[in-house]
Amino acid sequence: MLASSASAQPAVAIRDVTLNYFTPERETLALSNVSLRVERGEFVAIVGSSGCGKSTLLSMISGLLRPSRGSIEIDGRLVSAPSPRVGYMFQKDTLLEWRTVLDNVLIGAELLGLDRAASHERAIDLLTRYGLGEFLHSLPSQLSGGMRQRAALARTLCPEPDLLLLDEPFSALDYQTRLALSDEIAAILSAEKKTVILVTHDIGEAISMADRVIVMSRRPGRIKSEHDIRFPSSGETRPSPFHARKCPEFSGYFQTIWDELDLHQVQ
Amino acid sequence: MASEAATSAVSASASKSAASAGPSRSPAYESYLRGLRRRAMHIQAWQVGLVVMLLVLWEVAPRMGWINPMLTSYPSAVARTFAAMFEDGSLVTHSWVTFVETVVGFVGGMVLGTLCAIALWWSSFLYRILDPFIVVLNALPKIALVPIFYIWLGDAASIYAMAIAVSLFVTILMLYTGFQAIDPDKIRLVQLFGASRLQVLTKIVLPGSVPTMISALKVNVGLALVGVVVGEFQAAKAGLGYLITYGSQIFQMNLVMTAIVVLAAISSLLFVAIQAIEATVLRRHGGGGAS
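Heads up: the sequence lines are chains W and H, in that order. For the first sequence, our numbering assigns the number 437 to the initial residue and increments by one for each residue that follows. For the second sequence, our numbering assigns the number 141 to the initial residue and increments by one for each residue that follows.
Some hints here could point you the wrong way.
Where chain W lies over chain H, by a calculated footprint (3+ residues, C-beta under 8 Å) [what the hints assert, rightly or not]:
id, stretch
1, 211-224
2, 321-335
If we take Cβ atoms under 8 Å as the criterion, some of the chain W residues that face chain H in the derived model are [to be verified]:
id, residue
3, 465
4, 466
5, 498
6, 500
7, 501
8, 524
9, 526
10, 528
11, 530
12, 534
13, 548
These are calculated hints, taken from the structure and not from any lab test. A virtual CB, placed ideally from N, CA and C, is assigned to each residue, including glycine.
My request is simple: use the sequences and hints to build the entire structure.
Written as structure tokens, this is what we have:
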């Protein structure tokens, strides 16, 4: 994963991004001078208390929102509109309840005008691999929370994006499902060698999944610190999120990041 | 009538699920199911009994001289009128006229209302401009417009106009509210795949609003019938509303009561039809939002 970090062009380059937005009551500075490089194949987690602008930053990377100042580049190209090379996962699964699971997964291909037969095959393959093979023609209301979020992952990955933006995708799930699903998704993403930016307020989730954790300050959001996450105790390969939580290094990272977040001042 | 159908549907589904439960039913569960069936039967018996009691009272009271039969007629006289009008075909003609006007009215109100709601969703600027006017028009008693419609549009068109006017503004307001309640993340989802505004409408907003449309349809069936009958009072040469005014002018209560009975039958029929549509559509739609 680190081998590619030497290459010149990062997967994502965020330069001095500032965002302010207006309401009739006030002007809000949501993000202030945020700069960040994400290398190809890297898994970066951004943690911050609610309202620090981390989801806003994700919206800007996705192209749904323009920064007030500064620039965002993906693979050296300036982001100006949503691109099929970027996949986005929401906090809620946002499955369309009137479409079958398979048709939900195919909505991206449908809107992007991708090859029907190939997308169809890929969608079935993904769903089968994620244990939803028997539910291709079921409606989302027949699936459990974890299955729904796996279907949402298949939908995100079906058009084969290079960059994945995960906006607290596990926070709506119960604790056990969350642990199991983050393990599964980490395995899927590292097997597919995707570049991932995960936004979360869950410090443990960030440390257990990411190669690097970015801590953001409260509004206006700024990058407060960065932490490279390594687990030398588990050898060469990176442990799965579940095992990472049990590594001796975990609690040290947790304490450092906890102190930096100043969560106790919020609530 | 509709509620009878509903209770029988409930008892049917209860017995069906009992049959599928298989042989391993405890005596307590058996007696619970028997209790459910008994209760459903009691309710139905009361409903039928109530109708019978009312009919008997209606027949007996004028005959005993408790009330003036000129004012109320009798069920037996109504039945005779019904049979006679059925035989000479006039009842079918009048009912058909009213039925068609009602269906055209609520379909027209739905289509027009949906188009207006889409326009308002498309341009929030337009919505901000028109919002107060729609609210006022919705609150205005449309019945007051009957004479104006008659003068402007003549006898046939004014009835359709009335049926549409009665249901249009409710439809617009209901659907627009439904469009606004669509999960914004679902809209962002398709925008991330590069969807245009038209695609957001066709892929998310319209299919997501199907349950709202069904509720609007239910409201509109009743309203359109009101619009049609009131329109017929003023303008028509045919239809059940016309029979009611004509019958009361010549003091033929048999005629008036017959028309009212048929109206009740038509409204029940339409309501049952909408319920059937609702059941099939919502099942295919995924039974509402679990997300």
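Going back to the hint list, which numbers does this structure go against?
1, 3, 4 and 7
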